[in-house]
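We have chain A; now place chain B with the ligand onto it with these hints.
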Amino acid sequence: MSFTDEQLYERILEKDSEALETLYNKYERLVFSFAYRMMQDKQRAEDVVQDVFSKLWRDHATFDASRGKFSSWLLTMTRNRCLDLIRKSSKQQEVGLLDKDAERVNDTLHDAPEQAVEWKEKSERIREAMSHLKEDQRKIVELFYFHGYSQDRISKDLDIPLGTVKGRIRLALQHLRKRLEPERGEFADGTSDM
Amino acid sequence: MERVICDLTIDYFNDQLTAEEKERFEQHLEGCSECQQELAEWQMLSEDLPYVSEMVEPPIGMKERVLGSILDNSSSVAEQETVQSDTVVPFQQPQSTKSGRQTTARWIPLIAAALVLSLVGNAYLGWMVQDQQQALVTQSETVDQLVALVNLQPLEGDSSGTASIVRNGDEIRVVVQASSLPELSDEEVYQVWLIDEDGPDRAGTFTSTGTDGAVVYTLPAGQDFSWDQIAVSHEPTKDSESPLGEVLLASAISAPGNE
Ligand SMILES: [Zn+2]
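So the protein lines, in turn, are chains A and B. Heads up, the first sequence is in this note's numbering, so the first residue is 2 and it goes up one at a time. Heads up, the second sequence is in this note's numbering, so the first residue is 53 and it goes up one at a time.
Honestly, the hints are just simulated from the structure, not real lab data. Accuracy of the hints is not assured; some may be wrong.
Stretches of chain B that chain A covers, calculated by requiring three or more beta carbons in the stretch to come under 8 Å of a beta carbon on chain A [claimed, not checked]:
hint, stretch
1, 78-86
2, 113-123
3, 287-298
Within a straight-line C-alpha distance of at most 35 Å, the following computed DSBU-like cross-link-like pairs (lysine-lysine) qualify [what the hints assert, rightly or not]:
hint, chain 1, residue 1, chain 2, residue 2
4, A, K179, B, K290
5, A, K56, A, K70
6, A, K123, A, K140
7, A, K56, B, K74
8, A, K135, B, K115
9, A, K70, B, K115
10, A, K121, A, K140
11, A, K70, B, K74
12, B, K115, A, K56
13, B, K115, A, K140
14, B, K290, A, K89
15, B, K115, A, K123
16, A, K135, A, K16
17, B, K74, A, K135
18, A, K43, B, K74
19, A, K140, B, K290
20, A, K140, B, K74
21, A, K89, B, K74
22, A, K179, B, K74
23, A, K140, A, K16
24, A, K157, B, K74
25, B, K115, A, K121
26, A, K179, A, K43
27, B, K290, A, K43
28, A, K167, B, K74
DEER-style ranges, computed between Cβ atoms [stated by the list, open to error]:
hint, chain 1, residue 1, chain 2, residue 2, range
29, A, D60, B, S237, 38 to 46 Å
30, A, T77, B, L236, 33 to 41 Å
31, B, D124, A, D160, 48 to 56 Å
32, A, T165, B, E75, 22 to 30 Å
33, A, D17, B, S237, 23 to 31 Å
34, A, D85, B, C58, 18 to 26 Å
Where a beta carbon is used, it is the ideal one built from N, C-alpha and C, also for glycine.
Next up, chain A with everything else stripped away, as it sits in the complex (with noise of 0.2 Å):
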């Protein structure tokens, strides 16, 4: 009764609507909730979803499954894709630390698919893991990841030499990654794919 995310993959490219309807259905919070924390514009944010199904619809995309989990592979297209358009947007996002308010769903969770709640969990866990990292590096993964910036452009917008962004780049995800590497065996055992 249930596919697997690589099955219904198999089966969008054959072309099968439903089997698109069901990863929709799955990743749509996901997807849309990723592309708001980068665009930090409703709107936005929905076309990028558009783009990132459309993509997996008619382009055939290119998922490897030898290379990860489709989840994750579905997350870094949202992710270039929202990159794509505040490049080519004139206008720079300012930089904001905090998510912009929006409604949560924290409230409202018994009408979300039951993938919600894993995310949920997950998402606290990980929340958790960045508020223990210093104020400079939230700030430095915050500008590398979400709001995709140049070496260049974090070095003039921290102060700090261009030489070291790389380094201070890593010494944050390590932190970040060591905080979370307790908790990572729970998704170890693939029952979870978000």
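Below, chain B with the ligand without anything else, positioned relative to chain A:
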């Protein structure tokens, strides 16, 4: 000089390079394992970050708009693809240009997905082990080069399938994936044949889970690909030296180019 290019991995990861820089970097990337690993590292280190996002309720009607627009536009595209898919799709050496790269990459998942989904034997395990070793390599590197993709035409029943010819170094593999196969009983198997003027050569047997099956056949190292047809038959046992049962699928193939 090299060092300067290697410093661009983050800007490449963040899509911050100009078109020329990007092209130059991608050329460099093919030969620089350090950059490949570094890119994979950025990917790995940032994998959890999307989940930092606060869960946001999608706008009302988004699903209808998105799926509606996708499915409305797709019927004509689907027809075109059916027409085109009857022919062999030849593959060139991966180009450093953007379009060449995308065209190549586009077909690769067909193989991966087919393999993952289908019942498979040792050949598949071997393939996966090998592929796992490449797991650190970024997606932009072409490890296996798809030389040709053939749509297998049904001769009996309504089976369908594809055969891919993949070059990896000096090894050539033939990957066959089929679906809607008739059920097997007892010792029956499906057998893949590579056919040239001298007749058919055996290229692996497979069975199925449900009605889908796949097999990977690796040519002995250094052997040229000289066959011009490929066929799948339904055999009474796995020992058939030549096709005894009915031929389910067949197609002409063009030999991989000698690039
Ligand atoms: Zn390099």
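Each hint, compared with the structure:
no.: 1; hint: 78-86; in the structure: violated (count 0)
no.: 2; hint: 113-123; in the structure: holds (count 8)
no.: 3; hint: 287-298; in the structure: violated (count 0)
no.: 4; hint: A/K179 with B/K290; in the structure: violated (52 Å)
no.: 5; hint: A/K56 with A/K70; in the structure: holds (18 Å)
no.: 6; hint: A/K123 with A/K140; in the structure: holds (21 Å)
no.: 7; hint: A/K56 with B/K74; in the structure: holds (22 Å)
no.: 8; hint: A/K135 with B/K115; in the structure: violated (39 Å)
no.: 9; hint: A/K70 with B/K115; in the structure: holds (24 Å)
no.: 10; hint: A/K121 with A/K140; in the structure: holds (23 Å)
no.: 11; hint: A/K70 with B/K74; in the structure: holds (26 Å)
no.: 12; hint: B/K115 with A/K56; in the structure: holds (16 Å)
no.: 13; hint: B/K115 with A/K140; in the structure: holds (33 Å)
no.: 14; hint: B/K290 with A/K89; in the structure: violated (58 Å)
no.: 15; hint: B/K115 with A/K123; in the structure: holds (25 Å)
no.: 16; hint: A/K135 with A/K16; in the structure: violated (47 Å)
no.: 17; hint: B/K74 with A/K135; in the structure: holds (33 Å)
no.: 18; hint: A/K43 with B/K74; in the structure: holds (30 Å)
no.: 19; hint: A/K140 with B/K290; in the structure: violated (62 Å)
no.: 20; hint: A/K140 with B/K74; in the structure: holds (26 Å)
no.: 21; hint: A/K89 with B/K74; in the structure: holds (16 Å)
no.: 22; hint: A/K179 with B/K74; in the structure: holds (32 Å)
no.: 23; hint: A/K140 with A/K16; in the structure: violated (42 Å)
no.: 24; hint: A/K157 with B/K74; in the structure: holds (22 Å)
no.: 25; hint: B/K115 with A/K121; in the structure: holds (21 Å)
no.: 26; hint: A/K179 with A/K43; in the structure: holds (33 Å)
no.: 27; hint: B/K290 with A/K43; in the structure: violated (58 Å)
no.: 28; hint: A/K167 with B/K74; in the structure: holds (18 Å)
no.: 29; hint: A/D60 with B/S237: 38 to 46 Å; in the structure: holds (41 Å)
no.: 30; hint: A/T77 with B/L236: 33 to 41 Å; in the structure: holds (40 Å)
no.: 31; hint: B/D124 with A/D160: 48 to 56 Å; in the structure: holds (50 Å)
no.: 32; hint: A/T165 with B/E75: 22 to 30 Å; in the structure: holds (28 Å)
no.: 33; hint: A/D17 with B/S237: 23 to 31 Å; in the structure: holds (29 Å)
no.: 34; hint: A/D85 with B/C58: 18 to 26 Å; in the structure: holds (24 Å)
The structure fails hints 1, 3, 4, 8, 14, 16, 19, 23 and 27 (numbered hints given earlier, in ascending order).
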